[in-house]
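Visitor: Protein chains in written order, with numbering that gives the first Met the number 0: chain C, 0 to 525; chain E, 0 to 43.
Bear in mind the hints are in silico, worked out from the structure with no lab data behind them.
It is possible that some hints are incorrect.
What the hints assert, rightly or not - Computed list of lysine-lysine pairs in BS3-like fashion (alpha-carbon distance at most 30 angstroms, straight line): (1) K485(C) with K229(C); (2) K5(E) with K98(C); (3) K324(C) with K186(C); (4) K183(C) with K170(C); (5) K190(C) with K170(C); (6) K436(C) with K5(E).
If you're wondering where the values come from, they're calculated on a predicted model, not measured in any experiment.
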Amino acid sequence: MADFQAHLDELRAHDVSVLALSTDSREKARETVEQDRFGFPVAWGLGIPEDADRIGALYETKRNIIQPSEFLLGPDRRVLHATYSSGPIGRIAADDVVKLVGFLEARAQARTWPPGARLVSAPRLHYPPPVLHRLPYDGAIDADGHVLEPPDLWDRYLEPAYRDRPLGVRKGPDGLEYLEIAGKPSKMVRKNLPAGLGAMDLVGNIPLPPRVPTGLKYLDNAGLGAWDAKERLERLDRENLAIGILYPTLGVLWEAECEDLELAQAYTRAYNRWIVDFCRDSGGRLVPIAHLSLGLPAEAERELARAAREGVKGIFIAPFVMTKKPPGHPDHDRVFRLAEEIGVPIGIHPAFEPFWAAPGRFGRMTDASLSFLINVTAPDGVRHAFTSFFQFGVFDKFPRLKVVVLESGAGWIGYWLERMDAVCASPLGRNVPLREKPSFYFRRQCWISCDPDERSLVGVIPLVGERRFFWASDFPHPDHAPEYVKELGELVELLPPSARWPLLGDNVREAYGLPPRPEAGAGRAA
Amino acid sequence: MAAPLKPGDPFPALEVTTTDGRTLHVPAELTGRYAVILYYRAWW
C-alpha cells in the first residue's frame with residue numbers, strides 16, 4: 000500500500016484510482032490510514048469466508064485475515080491483472096501498473112485513431128505524455144468550453160421556412176469536409192478545416208474514446224466529450240471538474256458570412272434550442288449559453304427572452320455586428336436592458352469576422368500561412384467590442400448588467416483598464432458618457448476569462464481584483480493546449496490563497512447565479 | 000475456496016464502507032478509467 004501511496008500522483012495522472020480493503024475494524028483501518036497518510040480510500044469490515052470467496056482469495060480464520068490479493072481493473076471493470084499471495088511476500092507493483100496502463104492506452108489510441116490523424120500531426124514538442132489530468136480541487140468550473148454541434152443540427156432545429164438555406168458540416172465529392180452556410184460552401188472556413196475543430200486531444204496525443212466511426216472526421220477526430228453529453232460528463236468527472244459552461248463551435252464561424260440578418264436570427268434560435276436539449280439531463284453540470292446576433296436588436300431581444308425561459312444561463316455575442324454598429328452601440332440597448340433585468344450575463348466571444356472587420360494593414364488576413372498571427376491577435380476584436388461598451392456608456396445606463404470577456408486571455412486587462420482610465424481622463428475621453436473611471440465599472444460588473452497557462456496573472460489578479468477572473472479550457476478546440484487542468488493546478492498554487500477559489504469557480508457561480516460550491520469534501524484547502 | 004479471478008472476468012459486485020464513513024459500491028462506483036483494488040492483511 001505504501002508503494003501505491005508513493006506513486007499516487009503518477010497513477011492519477013494515468014487516471015488510475017486505488018482502493019484498499021481488509022477485515023480490519025473501523026478503528027484499526029483508520030489507524031492505518033492516519034499512520035501512513037493514505038490519499039486513497041480504505042474500506043474495512045470485510046467478512047470471512049464470504050468476501051474472500053467472492054474473489055477466490057486465501058484466508059485464515061484464526062487470525063481473521065484475507066491474504067494479499069490485488070487487482071487491476073480496466074475501463075469495463077473486468078480484471079486485467081490479478082495477483083494472489085499466500086503470505087506477506089508477493090505484491091503487484093505500482094510502477095508496473097503505471098507501465099501497463101501506459102501501454103494499454105497507447106495501444107487503444109493506435110487502434111482508435113482514424114486515418115485522418117495525419118491532419119493534425121502538429122509539432123508535439125510542447126506536450127507531455129498522453130493523459131487527462133485530474134484537478135486536485137473539488138468544485139471547479141470551466142467557464143468556456145465548446146461543443147461540436149451535430150452536423151445536422153440546423154437540418155433538425157431550423158424552422159421550416161429557412162430550411163432551403165441550411166447550415167452544417169458536409170462532405171464534398173472530393174472527400175473533404177466543408178462548412179455550408181446559407182446553402183453555400185463557406186469562403187472563410189477552409190476545406191477540411193472541420194476535421195480539426197475538435198482535435199485538441201488528438202493534437203495532444205491523448206487517446207480518443209473508442210467509438211464507431213461516423214464517417215466525418217469533424218466528429219471522429221474529436222476528444223472525449225466534444226460532441227456527446229454523457230461523454231462530456233465523463234470528462235468532467237475524470238478531470239474532477241464540477242461544471243462546464245458551453246459555447247458552440249460552428250456558432251463562432253458562420254455569423255461572419257451570414258449577411259441575411261433574419262436568417263442569422265433563425266440560425267441562433269435553432270442552436271439555442273439544441274444546446275438546451277443537449278444540457279438537459281446533465282443535472283446542471285453542463286450549462287447552456289445562448290448565441291445572440293445583434294444585427295436585428297428587437298429579434299435578438301425576443302430570442303434572449305425566449306432562451307432564458309428555456310433555461311440558458313448566459314448569452315454570447317460576436318465581437319462584430321453585421322450592421323457594422325459597435326456592439327456597445329445604443330441600438331443594442333434593448334438587449335442590454337433585458338439582460339440586466341433578468342440577470343443574464345453577456346459574454347463577448349471571439350468569432351470568425353467578416354472580411355471588412357478583419358485588420359487590413361497586411362491585406363486580407365485569412366491566409367492559412369498566417370494562422371499563428373491571426374490566432375494570437377484574434378482577441379483584438381473582443382477588446383474593440385468590449386471597449387465600445389465604455390465608449391457608449393453602457394455601464395451607467397445599465398448598472399446591474401453583467402459583461403464577460405471570453406477566450407481573449409486576461410493578462411492584458413491590467414494595462415487596458417489603466418489605459419482606459421487615462422484616456423477617459425484626457426481630452427480624448429470627453430465624449431465618454433460615464434460618471435466614473437472605466438476600471439470602476441470593470442470591478443463592479445465585468446469578468447474576464449483567462450487561459451490556465453497565463454503566469455502573468457499572479458501579478459495581475461491582485462492588482463485588478465480577485466473576484467473578476469474565470470479560467471477556461473477552450474476544449475475541444477486545438478488552438479489551446481490539452482494540459483489545461485495541469486496548468487490550472489499550477490497556476491492556483493502560485494496565487495494568494497484568497498484568490499484561488501474565486502478563480503477556480505466561485506466567480507463563475509456568482510456571475511451566472513449557479514449553486515454555491517459544496518463545502519463538504521471540498522478537496523484540498525486552497 | 001472459490002476459484003480465483005482471471006483476466007477478463009468481471010470483478011464481483013460488493014458494498015463496502017470506507018474509513019470516512021462512505022458506502023462504496025465496487026466496482027460500479029470506482030473512479031478512474033482504470034482501478035487498482037488492494038486486499039491487504041488486517042492487523043493481527
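Visitor: Indicate, hint by hint, whether the structure satisfies it.
Guide: Comparing the hints with the structure gives:
| no. | hint | in the structure |
| --- | --- | --- |
| 1 | K485(C) with K229(C) | 23 angstroms, holds |
| 2 | K5(E) with K98(C) | 20 angstroms, holds |
| 3 | K324(C) with K186(C) | 23 angstroms, holds |
| 4 | K183(C) with K170(C) | 13 angstroms, holds |
| 5 | K190(C) with K170(C) | 9 angstroms, holds |
| 6 | K436(C) with K5(E) | 70 angstroms, violated |
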